[in-house]
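Asks: Listed below are the residues making up each chain.
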Amino acid sequence: MSAARSLAWRRFRRHPFALPSFVLLVVLALAALGAPLVEAAFGIDANKVDLLARFTTPSAEAWLGRDELGRDIFVRLLYGGQVSLLVGIVTALVACVIGTCIGLLAGYRGGWIDAALMRFTDSIIALPLLPLLIVMAALDLTKLGVPEAIAQSDRISLYHIIFIVALAGWTTSARLVRGTTLSLRERDFVAAARAQGASSARIMFVHILPNLISPILVATTLSAGKIILMESVLSFLGLGIQPPTSSWGNMLTNAQQLIHSAPELAVYPGLLIFVTVIAFNFVGDGLQEALDPKA
Amino acid sequence: MTRFFFDRLLQSLIVLAAMSFVIYWLIGLMPGDPIDLMISSDPRLTSEDAARLRALYGLDRPIVDRYLTWIGTALSGDLGFSRLYAKPVFQVLGPALANTALLMGTSFALALAIALPAGILAAVRQSTRLDYMINFAAFAGISLPSFWLALVLIAVFSVTLGILPAGGVPEIAGGGFWQGARYLILPVATVTLVTIGDYIRYMRAEMIQTLRHDYIRTARAKGASKSRVVFVHALRNAAIPVVTIVALDFGFLFSGALTVEIIFSYPGMGRLIFDAIMGNDFNLALVALLFATALTLTGNLLADLAYGWLDPRIDYR
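Those sequence lines, one after another, are chains G and F. Following our numbering, the numbering of the first sequence begins with 1 at its first residue and continues without gaps. Following our numbering, the numbering of the second sequence begins with 1 at its first residue and continues without gaps.
Bear in mind the hints are in silico, worked out from the structure with no lab data behind them. Keep in mind that the hints are not guaranteed to be accurate.
What the hints assert, rightly or not - Simulated coverage check for chain F against chain G, where a stretch passes if three residues somewhere in it have a Cβ under 8 Å from a Cβ of chain G:
# : stretch
1 : 16 to 26
2 : 181 to 191
3 : 215 to 224
4 : 240 to 252
5 : 271 to 280
Glycine included, each C-beta is placed from N, C-alpha and C at the ideal position.
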């Protein structure tokens, strides 16, 4: 096992961009988590509006300058990073749990269950997801029976977006998991478990699931990138994370109106989304090559 | 073949029917309510009036009842009115559908025209510097947020260089083909760039797989030139899975077009849906979402047919 692991590690390192991307993601995550420290150390408040300091150019106090409300762009980017990374990783995990259950069930049971679940998956992929996500993001939660107090709270936009993006994001892992399960269920160790009288649920979750770690890991990493993009689009359109909480997407909401007067405001949030997403994609690609060298 | 086609057509229709209910249900959960809108425009209405109106419009009935009534009316050809545009929904949808088809069709064709040769080139020169560069570009395309790319293109070509319009469509009709085309350049470029990456990667992966087959070695051994092997022997087989995957991305293409339409104020389906949702035009949003779903499902169906046409070995059962 450890020999296989070191082989996988060597293949991962051989990918030209995977390891640097991983390091970059760790650095970004640490920087984002350090946002309160930066605020405390330099006496900055990320949400403090200062209309006299609008569009200030970068200086020793505000390293990347200030935005249209005079807020410190650098610290807001760090807080936005917390949100984007949190949504990306948590949603990818939730989506992968859904996808794994569906893929495992389809691949192991086969027959009409497989046919039905996979046609369902294909139908979801075929839908125009973004407009549907927009509708779901714009829903009035109280009409779904969510108490007013919760529906109006600040954190709800975070959970809301995680929930709806996860609904759209599970298809990749379902297909990958199903494919691997199809070949795993024919293996001798599954026959042995069945001969010993193990239940289907036990075979799926105790015997097969541990062997699915590679495709699940790859699918989660690749989904995280897509999910960060989805969150940023929804937040950009004003339907995701609500201000004053910053996210890289909602920091760009006003950028279009300001594109003539302050085009520089559009640069950093978008660049960070791009860099983060490409890093997740490179790590996912590296993992795929490392763990599944046939592909 | 016919059997296969009708099987797939039936499946698409089932999905469409199911989605029509889901969308109807979701639209009913939107903030605001048509009776509230009436009340706000007429302060003399009492709560009894509101209840009477609710009963009159059937809003007090269970959702399944309301849905069945609505779908019956819709199927008889009456799609209702748009509140925002004060026109029958059908008249609003027509031009929007045409505009989106133009945007998506042009971008799709352009993306394939660039991505297929690039993917083939990367596969043929696997593990060279060129392959790495093409791969990096593909990853960059996949990772670009479409709305940000649109903003950057506007900042560069409209604000700084001032050579292309930042959005909209020509105001005066009959400005000629080039006048209209100028407004399409940035939106098409954005959609193309964000969709091209996936296509390149699919094409490259499939071509690499195909080139490993024995029949390719046989062809080479018989003295066929490398380009003949790639373009005559390998391309058709490699293209088959690419076509399906690319067509499955039709929904993604529509989503990409949506953000681009909003940013460039391009009067297509995506922007129509967004404006309808934001403007409480429930009926327009409902019908437009259904049309968008039907549009992407049709794209998928056509791709399945293309698949069968490209690969005569497929067993249609």
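Asks: Three or more residues of the stretch 181 to 191 of chain F near chain G by CB distance under 8 Å?
Replies: violated (count 0)
Asks: Quick check: do three or more residues in the stretch 271 to 280 of chain F have a beta carbon closer than 8 Å to a beta carbon of chain G?
Replies: Result for this restraint: holds, n = 4.
Asks: Mind checking, does the stretch 240 to 252 of chain F have 3 or more residues with a CB under 8 Å from chain G?
Replies: holds (count 4)
Asks: Verify the coverage statement for the stretch 16 to 26 of chain F against chain G, using a C-beta to C-beta distance below 8 Å and requiring 3 or more qualifying residues.
Replies: With 3 residues close enough to chain G, the hint holds.
Asks: Three residues or more, CB to CB closer than 8 Å: is that satisfied between the stretch 215 to 224 of chain F and chain G?
Replies: violated (count 0)
In summary, the numbered hints that this structure violates are 2 and 3.
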